[in-house]
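Engineer: Chains as they are written, first to last, in my numbering: chain R, 140 to 401; chain A, 140 to 401.
Just so you know, not all the hints are guaranteed correct.
Treat identical chains as interchangeable: a pair holds within one or across any two.
Said to hold, decoys possible - No farther apart than 30 Å at their CA atoms in a straight line, the calculated lysine-lysine pairs in the BS3-like style are these: (1) Lys358 - Lys388; (2) Lys188 - Lys272; (3) Lys229 - Lys188; (4) Lys217 - Lys188; (5) Lys233 - Lys188; (6) Lys217 - Lys233.
Source of the hints: derived by calculation from the structure; they are not laboratory data.
There are 2 protein chains.
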Amino acid sequence: MRVNKDQLKRMKKNEFVRTAIEYVDAGVVITDPELPDNPIVYTNNGFEKLSGYSADETIGYNCRFLQGQDTNQDDIDKLRLAISNKEKIKLEIKNYRKNGEVFWNELQIYPVFIESEHQTYFVGVQQDVSKRKYAEERSDHYLEQVKRLSTPIVPIDRNVSIVPVVGEIDDERLELLLHNVSAHIQKSGDEYLILDLSGVSHFTSQLHKGVYQLNQLIKLMGAMLMITGIRPEFILEGIESDFSLSTVKSFSSVKQALVSIQ
Amino acid sequence: MRVNKDQLKRMKKNEFVRTAIEYVDAGVVITDPELPDNPIVYTNNGFEKLSGYSADETIGYNCRFLQGQDTNQDDIDKLRLAISNKEKIKLEIKNYRKNGEVFWNELQIYPVFIESEHQTYFVGVQQDVSKRKYAEERSDHYLEQVKRLSTPIVPIDRNVSIVPVVGEIDDERLELLLHNVSAHIQKSGDEYLILDLSGVSHFTSQLHKGVYQLNQLIKLMGAMLMITGIRPEFILEGIESDFSLSTVKSFSSVKQALVSIQ
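With the hints as extra help, turn the sequences into a complete structure.
Structural biologist: Right under this line is the structure:
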């Protein structure tokens, strides 16, 4: 500590606060719920930059000019309810700038008692979180693609496709596999599907059940399942259970499975 | 306009500004470069919440207590340079809260002349953008997986793998394919690679060159490329060019290619 702290604290005066509020990107509005239609009575620079409207264009008006066609009606209802109950609320809502551009607004509203005015106002803090929302949307989109691609269906002959399974099979992946295989068979008219399990490290009871379900499904569709690359114990394991694989055709390699097809 | 605008404007007074600055999530600090080591002279509530340090713990100190082991040294150098040149700067930097937690700080620093003090201060605005950065990292990670999975290498017999190509081949995908195939052959010791092009809709000159390069690469590694699912014209097209495919073995189906292997 090389400077006098008390001296510094004296400097924490109004102009510092006024300077600070001018530099934040967040938009801040204060509205007066005692006036008709709860109009804006204060906006900071951040709000002017965020919304594209000058203070002159917004003071005296209700904040709903930020809403537009794509704003979720449920969100609007939640906002109304919180304001009529004088409760705080935080949500992410699609809003519109003056130029029509859409942005994701992380909106927080607080009821605040302002001493000098002897009444409660609403303070609304708005943060443009579009970049984060779009990154999250991209991430979800690519994750969906990863899931889809991680169990590819590869056509290898006129009426035969192969599904190589690599890694663990969980419930979600199994459901996706069943869905994709049935869509594929319906579309391609394939008569044979080879499920290659040589890339699977752990033969779990879940995988066992999955193979059983896939076999039932493919039979129902008038096609045939062939499995390759598994240890014989895997077939035998469930032989007494409800999910016996004793009727599933198994081959030591994909080539052998292919050669067996006349 | 149902309320008196002038009346509202009179209300834009100090207490509204002080209220506004208390509610923004952004951290704001003001530092005094005329004092030794450019110490903090003002912080808002947002900075206390963001950093975990109370104003008492930070006023009088240089902001570098936010930095830690994972803070990029280049970023620190850029900050120092901007401050010594009294220039504004904006960057995203890894910072640390009091409890040791890392966060991504979108930091903006402005030199600002404060009238009442007759001197220039620095205003630093800090926004926690960790959620966005992590979403971007996830998105990049999944995109990498999508690229890798979109050209899978599927082992189908003891020494044979198949690469089904679906959709367009551009430079980036071609490079990835060459890289993945050479890594796969090296690791697996496969003697044959079947490139199945039945899922390709447009046979471009780029694809032609790609197949040529793949053939050269696989030959160099002591293995053999077989292509399936293409029209004979594709082979003939480039027969006069530098990228002739006349030496590449072509089969009408994957099954035929497999059967040809002794």
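Engineer: Taking the earlier hints as the rules, which of them does this structure contradict?
Structural biologist: none
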